[in-house]
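According to the numbering used here, the sequence shown is numbered sequentially starting from 9.
To be clear, the hints were calculated from the coordinates, so they are not data collected in a lab. Computed from a predicted structure; not experimentally measured. Careful: at least some of the hints might be erroneous.
Said to hold, decoys possible - Across the chosen pairs, the derived CB separations fall in these ranges: (1) CYS583 with GLY463: 40 to 50 Å; (2) CYS583 with ASP107: 45 to 55 Å; (3) GLY489 with GLN147: 18 to 28 Å; (4) THR191 with PHE349: 44 to 54 Å; (5) ASP25 with SER312: 29 to 39 Å; (6) THR397 with LEU694: 17 to 27 Å.
Note that beta-carbon positions come from the ideal geometry of N, C-alpha and C, so glycine has one too.
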Amino acid sequence: MSIWLMRGMVEVRITEDYAISCDFDVVEDSDWDYARNKHVLIREGLLEYSTSSFDAPVQTRLGVMHGGNRDLPWQGLLAGPINNILYKVIDALYYRALDAESLKPLFVSSRRNSASYVYIDENNEYYIVDVFVEAGRSQGFLSAYSGRPTIFLPIFDLRNAESKVQPNYTLYEKNGVLIVESTGAPIKIEITGFERIVNLNLTLEWIYKLGDGFRRLDDGKVLFIKHAWRVRAPIALISAKGILRVRVPLPENIPLDIRDEIGSNLKRLHLALREHHPELPPKIVNAVLLRLDRLMSFGIPLDSLFAPEAGSMWFRRIWVRDLLEGLRWNMLTYAEIFGLFGWLNNLVRRLMKVAYENNGLRIFVKSGDYVSDAIPQLINVATLLYERTHKRILLRESAKLMLKAYKMLRSEEGFSGCNLHNGLIICKAYSSWIDVLYPINGLKWPTRLPLEWIGRVSPEDKFALVEVNSLLLESLNRLIGHFREIEEKPPKELYEFRDELLYGYEKWFLRDESLPPITIDPVSGLRDDTKSSLGVVSVTSLKDIFYDERKIMKIWGDIEHLLVRRKLVELGNGCGIFGLLVRKVDEKPYLGDLEYHGTVVWPRDTPYLIEIMKSLSMEKEIYDILINNLDHMISEGAIGYVNELFSLPLGENPSPAKRYSSNPVPVKNFAQYWSHWCDPYIQYFLEYEVA
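Go ahead and model the full structure; you've got the sequences and the hints to work with.
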């Protein structure tokens, strides 16, 4: 075993064909109740397979079987959404070599859609199991190849992944194919590659130590709420060739198949990075390439198109605000690095068509409640794409959508859940991304609103949210500016709309030396002056309108109070800025929904912070943020991906690791699309400009 593996380190390797591979250790990390455990995550289209890197053996009458542990009940093989349902298919695929008595796990090597679990037997011979996911037009496969005679043990959990009903199974063989049916799902899976079936009738009571990511306090200690679940391994399958394939039926779809082009694009990027920054350590260059490579794992069908889903596990659906945030901060990467101009154009225009025809956008594009922050971000994305393609149809369709929005916002019906009131866009407090409703004394209270407002306002009232007003004003200004650049006169109503929003922002939100209030009730005059990343988003959005360098300098003191620092684990020994708090309220460890948008760090906010730092020429601090976020990506959680959010290291740590226990603690989903921004790296290292 190499020294770096014995020390629990991670190595990112670039293969000859530019498949970006991560080798990492198989040791559990007990810090903060195993929050920092490393996970294998392989994905393609409608399929994903994940396990912990830690080997969790299972004793059977056929010997000890091996496979990656599952820390969350959402791990294993997931398929979907299929008719809007996410299916858990297999809890894990276990195995052992027929020609060996004992196996010792060495390390795991993961790629975008495959992983190798590496062992050594009692004869010092390697036993390597390569696991792949492949998603096609109407079917997908989980495949395993070992190159040695193998006993495979598929552990079934075939059900609606959001159901808590234990399924029963029917298994039968037909022409060398094992067919598995379950009372928990309408889909059948087919398994091939074996020569013999051995009945085991094994039931396992599995403990998922991270549960769904929620935590609790136990005598001051911060612990995850564990889940227990019965999974079944009724049979073992013997394959002399060491091959097994699990077929999963999928809905008809046309994948965005650019797998063959990703490697060549990454090769060009690699050469450019080495040319522009020969001083960059190879570990950092490789981590940047890894980040871009894994970005390309996001994408599932959206009607006849493909669009990035919100994340892994329970976020394997297209959430419109997550989609648009991700497009905004990956536009440069998709367009200039991967050349996906056509796909971007089709997707953005389709979203504008949906928004126009449906009077706004909803949580899941066409379904769910209206969302208030999606329309302005859609126009921003459209204008960003125009800046790269110069397709005027994007401006004209944006103007058409904005004109309809302006007309309807002035009516009682509203647009996308919003209305225009005295220069302010008003909407439900939970219609933007801080969307939690929490039961308090029998009342579903939006956690965005201060608790002191209970009894003074209704949770169903409409409020002016700073980010919604700012993003809409930003998008209008960009749209008008581009029309003027091409000497094409924009509709006069766009000027009227902008003037109203300028008046409203200046009257209600603008402060000389502090961040703007984040929520305003224009009826009572109540305002929430909590310092927040929402205010940072506002300042970034309106840099060209209200906030120049002088004003940002005055505001920086407020922003400093939101900054969160982190020690490097893999990419150095320093400590630097990692991100910023969502809200500067009473500091508490993340436990659940009440703290979900409190004193926690969401990486989705970080690009806005970087833009403010650019205005202040804070090059070193920007570099620190970029490296620190790469460091998280390769040292904890799903290696190669970025967590949904981070708790401050508060409360009693039940099992401190000392060196990095003071770092922000990754919680909830371990691979979130809007956390996976890549453009700031391209802009910083290759000096690309968005416009």
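Here's how the hints hold up against the structure:
1. CYS583 with GLY463: 40 to 50 Å: About 44 Å separates the Cβ atoms of CYS583 and GLY463, which means 40 to 50 Å holds.
2. CYS583 with ASP107: 45 to 55 Å: The hint (45 to 55 Å, Cβ to Cβ) holds, given that CYS583 and ASP107 are roughly 50 Å apart.
3. GLY489 with GLN147: 18 to 28 Å: Given range 18 to 28 Å: violated, Cβ gap about 48 Å.
4. THR191 with PHE349: 44 to 54 Å: This hint holds: roughly 47 Å between Cβ atoms.
5. ASP25 with SER312: 29 to 39 Å: holds (30 Å)
6. THR397 with LEU694: 17 to 27 Å: holds (19 Å)
Consistency note: the structure conflicts with earlier hint 3 alone.
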